[in-house]
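Undergrad: Residues per chain, in single letters:
Number of protein chains: 2
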Amino acid sequence: MINSLLDSIQNLITLSPAEIDIVTSLFKEKTYNKGDFFLAEGQICKQVGFVTRGLLRYYINDDGEDKTYDFAQENNFVCNYESFIPQIPSTKIIQALEDCEILQISHDDLQLFYKSIRQAERFGRLVIEHVFIQTLQDLSSFYVDKPEYRYGRFIEKHPDLLQRISQYHIASYVGVKPQSLSRIRKRLSNEK
Amino acid sequence: MINSLLDSIQNLITLSPAEIDIVTSLFKEKTYNKGDFFLAEGQICKQVGFVTRGLLRYYINDDGEDKTYDFAQENNFVCNYESFIPQIPSTKIIQALEDCEILQISHDDLQLFYKSIRQAERFGRLVIEHVFIQTLQDLSSFYVDKPEYRYGRFIEKHPDLLQRISQYHIASYVGVKPQSLSRIRKRLSNEK
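Here the protein sequences come in this chain order: E and W.
Under the numbering used here, the first residue of the first sequence is numbered 1, with each subsequent residue one higher.
Under the numbering used here, the first residue of the second sequence is numbered 1001, with each subsequent residue one higher.
Hint data in this document are derived by calculation from the structure and do not stem from the laboratory.
The structure displayed is predicted, hence computed values, not measured ones.
Be aware that one or more of the hints could be misleading.
Using 25 Å as the maximum straight-line C-alpha spacing, the simulated DSS-like pairs for lysine-lysine come out as follows [as the list claims (entries may be wrong)]:
1. W:K1146 to W:K1115
2. E:K186 to E:K92
3. W:K1067 to W:K1028
4. E:K34 to E:K146
5. E:K92 to W:K1146
6. W:K1030 to W:K1092
7. W:K1146 to E:K67
8. W:K1115 to E:K146
9. W:K1186 to W:K1067
10. E:K115 to W:K1115
11. W:K1030 to E:K146
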């Protein structure tokens, strides 16, 4: 399990054997059952996770209606940085859609990670730059793009997730009711 | 001029005398006249700037209508990171509202900065984390907050800019026509 995390880090920086031991000791294994909250509304996001098994959904509770804006699956980091970085309560929710195994590091231990790994600051900068660009693109898509386009984008970004996510949650990501999603799918398959 | 940039960097990290020389050699002084573009629409943002004199406006051209979303003044960094980090064309525009003096570093030289200054990666991570959080708050305010609230936020964030920015550009930031801004100002002053 730790190997996929180490690979993910070593894609960006080099770790010495001693540093591999430090990473291994700082990230703790945690299990979430389907339906459990990685981050509940109003909570402070206290950790960054790395998904080794399972699937989670990011959403906003908009006056009782769920608005899904992202998913995290195996080999993805999971975190609401808007809450995690300044350590303020989250307006967003992250919930397990399947039973999950997550390697997670606390805010305090992440500071230790930055101090004790030579290239950790570089790793942190590159990750946050990537998350920043991705978040801006997601947000702009959320406000601007048409449902057909968002469905196309979902298939492109998560081709392997169509079988793992309910029509209800895909519709919520696309920004339509489930019956409208069926119409979009029919229209797109007729166009082929 | 370079001293305010060095102070700004040294608020976050320590620089040795040799590193101060490197920073001084990597940032180049450039003058922009009022109306000049730091970044024009469709251009790739090729540098990060540090404003030592003057004022700039960030905006989007929305079908011929300007939508202002931020300002940069003395001792602020100025950049569209959405374009700068992945080096892709910008949908946003940054224009000088006054004659400006800017110390700027190119994308290539910034990589050199990261390589040659011991704590540069830490500095980069902290800056980008701050920009990330700030951008998310600005974007959310842009889409969600009412004009009254945005005007209050503008006064709070830029109390010294009320005299330097035209009513036209403040109205564009608040998201209303200039005549509506007068009504908002009147209402707020009556409430006091």
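Undergrad: Evaluate each hint against the coordinates.
TA: Consistency of the hints with the structure:
Distance hint between K1146 of chain W and K1115 of chain W is unfulfilled; the C-alpha atoms sit about 44 Å from each other, more than 25 Å. The suggested pairing of K186 of chain E with K92 of chain E is violated, with an alpha-carbon distance near 32 Å, which exceeds 25 Å. Restraint check for K1067 of chain W and K1028 of chain W: the C-alpha separation of about 30 Å exceeds 25 Å, so the hint is violated. For the suggested pair K34 of chain E and K146 of chain E, the alpha carbons sit about 30 Å apart, so the restraint of at most 25 Å is broken.
Pair hint K92 of chain E plus K1146 of chain W holds up; C-alpha atoms about 21 Å apart against a cutoff of 25 Å. Between K1030 of chain W and K1092 of chain W the alpha-carbon distance is near 21 Å, which keeps this suggested pair within the 25 Å criterion. For the hint linking K1146 of chain W to K67 of chain E, the alpha-carbon distance of about 21 Å falls within 25 Å, and the restraint holds. With a CA separation close to 43 Å, the supplied pair K1115 of chain W and K146 of chain E exceeds the 25 Å bound.
For a cut-off of 25 Å, the pair hint linking K1186 of chain W to K1067 of chain W stands: about 23 Å separates their Cα positions. The hinted pair formed by K115 of chain E and K1115 of chain W meets the criterion: a straight-line CA distance of about 18 Å does not exceed 25 Å. Distance hint between K1030 of chain W and K146 of chain E is unfulfilled; the C-alpha atoms sit about 42 Å from each other, more than 25 Å.
This entry does not satisfy hints 1, 2, 3, 4, 8 and 11, going by the numbered hints stated previously.
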